[in-house]
Amino acid sequence: MEPQLTIGASCNLYTTEEACVRELFRIKWPDGYRCPICRHSQATVIRTRRLPLYQCKRCRYQTSLTAGTVMEKSKTSLRKWFLAMSWLAQGISARQLSDAIQVTYKTAWLIAHKIRHAIHLAESERLAGEVRVHEGRYGATSFASMFDRHARRHPLIAAASVTPAGALIRVKLHQVPPSHQWGNTVSKLGFEHFIGENVSAKANVQTAPGIYNAARHPLSMLWRAAARWMNETYFGLLPKHLQAYLDEYAYRHSLSSSDTQRAGSGAPSLLQACASHPALTYPQLTRRPA
1 MEPQLTIGAS CNLYTTEEAC VRELFRIKWP DGYRCPICRH SQATVIRTRR LPLYQCKRCR
61 YQTSLTAGTV MEKSKTSLRK WFLAMSWLAQ GISARQLSDA IQVTYKTAWL IAHKIRHAIH
121 LAESERLAGE VRVHEGRYGA TSFASMFDRH ARRHPLIAAA SVTPAGALIR VKLHQVPPSH
181 QWGNTVSKLG FEHFIGENVS AKANVQTAPG IYNAARHPLS MLWRAAARWM NETYFGLLPK
241 HLQAYLDEYA YRHSLSSSDT QRAGSGAPSL LQACASHPAL TYPQLTRRPA
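Position 26 of the sequence shown, counted from 1, bears residue number 26 in the UniProt record's numbering, the numbering being contiguous throughout.
Errors might be hidden in some of the hints.
[Unchecked claim] Straight-line C-alpha distance at most 25 Å; calculated BS3-like pairs for lysine-lysine:
id : residue 1 : residue 2
1  : Lys73     : Lys106
2  : Lys57     : Lys106
3  : Lys57     : Lys73
4  : Lys73     : Lys28
5  : Lys240    : Lys106
6  : Lys240    : Lys202
Keep in mind that the hints were calculated from the coordinates and are not lab data.
Can you make the complete structure from the sequences, with help from the hints?
Structure representation (C-alpha cells):
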C-alpha cells in the first residue's frame, strides 16, 4: 500500500505562482538583484513571459530567476516544482509524484532526478569532527534482479559525523564501485578512497569493516533503513541510479537531524539546494555512467 502523503507546512506558504516567484527571488538574490555579468544592482523587469526576465541597466544582460538552477528551461510551473520538493522530502516515488503534481511520469521522473542531482552537489562538504565509517549492503528485490544478475548485493559505505553521545549529525551513503570491492566486501583501498574524498583531513575517524557486528549501531540501522526504503518504494534499484537515491536518503536524514528541520519541514533547505545548482539535462541523466 502506498503511504499517505501530506504537504510540508512550509509549502503551504507558496500557494500561488507569484508567491513562488517572490521566494525564488529571495533565495537567488538574498541581498537584492545582482547582474551575473557585471554585478550591477539595478535591472529592468520584463514581464511578457511566464516568468519575469531581468535586464541589467548597465550591461543590458538578461537573466531569469531559474537560470543556474535545477528549474532552468523547465516548462513546469514553479508552484509544481516547489510541491515536488516538498513531496520528495518525504521519499515518494516518481509515480506518486506524477499523481501529486499532475504531470506525466516522464516529467515527474526527470524533476525528481534533477532535485537529487542538486542534493548530490549540495552534499559535497566533507564530514568533520568525530567521524564513523561503516560497511553496509544494498540487496535489491527479485524484480530488479531479473534485469541484473549483480543486483542482489551492492557493498555500501555508510559514514557520519557524530555527537559525543554517538548520535548521527551529517551522514553519507556511498555506492562502492567494483574497483574498490574485494569479493562482496569493501576493500581497504575503497575505505581509504572514500575517506580521502569525503572526510576532513583533521577529522578523528573510526572505521568498522564488515556488516556482521554492531547491527544495532546507528550507522548499521541507517543503511538498513535506506535499503528497506528503496525496496519498499521502488521495488529495488539497478546500479546506474543507485547513488542518486542513496544521496536523497542521506540528505533527508541529515535534514531531520538539524535544528532547522526540527522547526519545520525540510523544503526550505531543499529549495536552497535546488536554487543554487544547475540543471541536469535528460540526455546527461540517461547516459550518465553507473
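Here is how each hint holds up against the structure:
no.: 1; hint: Lys73 to Lys106; in the structure: holds, 16 Å
no.: 2; hint: Lys57 to Lys106; in the structure: violated, 39 Å
no.: 3; hint: Lys57 to Lys73; in the structure: holds, 24 Å
no.: 4; hint: Lys73 to Lys28; in the structure: holds, 16 Å
no.: 5; hint: Lys240 to Lys106; in the structure: holds, 17 Å
no.: 6; hint: Lys240 to Lys202; in the structure: violated, 33 Å
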